Amino acid sequence: MLQSCPVIQSLSYEKIMQSCINLGKHEFAALLLQYVPDERRERFYEFFSSKTNLFRDLEKLEKRGLCGTKKVSYCFSYVDQIIS
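Per the working numbering, the sequence shown runs over residues 10 to 93.
Note that these hints are calculated values from the structure, not bench results.
Owing to the predicted nature of the structure, the values given are computational and were not obtained by experimental measurement.
A virtual CB, placed ideally from N, CA and C, is assigned to each residue, including glycine.
Some hints could be false.
Stated by the list, open to error - The list that follows gives simulated cross-link-like pairs (lysine to aspartate or glutamate, EDC-like), each with its CA atoms no further than 16 Å apart:
{"hint": "1", "residue 1": "Lys-69", "residue 2": "Glu-23"}
{"hint": "2", "residue 1": "Lys-24", "residue 2": "Glu-68"}
{"hint": "3", "residue 1": "Lys-60", "residue 2": "Asp-89"}
{"hint": "4", "residue 1": "Lys-34", "residue 2": "Glu-68"}
{"hint": "5", "residue 1": "Lys-24", "residue 2": "Asp-66"}
Said to hold, decoys possible - Beta-carbon label-pair distances, calculated as ranges:
{"hint": "6", "residue 1": "Asn-62", "residue 2": "Gln-18", "range": "18 to 24 Å"}
{"hint": "7", "residue 1": "Arg-65", "residue 2": "Leu-20", "range": "25 to 31 Å"}
{"hint": "8", "residue 1": "Glu-68", "residue 2": "Pro-15", "range": "27 to 33 Å"}
Build the full structure now, drawing on both the sequences and the hints.
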């Protein structure tokens, strides 16, 4: 849905991610990381590296059909790299 939205570039993903983090929904924040420019992702790396259940939670979202995006494999590989 996000990839076909005409206002995708005007959304503040970092603010949305921070709200997800504040609500304890780390898997949703991680999923949105793919829409944050590379140079601004760095600030989230340390936070996500401490979330050991994140990969499992992302898989649960995928099974429920909530992360049907082209770059979801990037999210999985990213999470795997920082947790390893």
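For each hint, the structure was consulted:
Between Lys-69 and Glu-23, the direct Cα distance comes to roughly 23 Å. Violation of the 16 Å bound is thereby established for this hinted pair. In summary, the hint linking Lys-24 to Glu-68 is not supported, as the alpha carbons are separated by about 23 Å, beyond the 16 Å threshold. Taking the CA atoms of Lys-60 and Asp-89, the gap is about 11 Å. The hint holds against a cut of 16 Å. For the suggested pair Lys-34 and Glu-68, the alpha carbons sit about 14 Å apart, so the restraint of at most 16 Å is met.
Among the hinted pairs, Lys-24 with Asp-66 is inconsistent with the structure: their alpha-carbon atoms are about 21 Å apart, more than 16 Å. Roughly 32 Å separates the CB atoms of Asn-62 and Gln-18, a value that falls outside the hinted 18 to 24 Å. Separated by about 27 Å at the C-beta atoms, Arg-65 and Leu-20 satisfy the suggested range of 25 to 31 Å. Taken as a hint, the range 27 to 33 Å holds for the pair Glu-68 and Pro-15, whose Cβ atoms sit roughly 30 Å apart.
In summary, the structure is inconsistent with hints 1, 2, 5 and 6 from the numbered list given earlier, while agreeing with the others.
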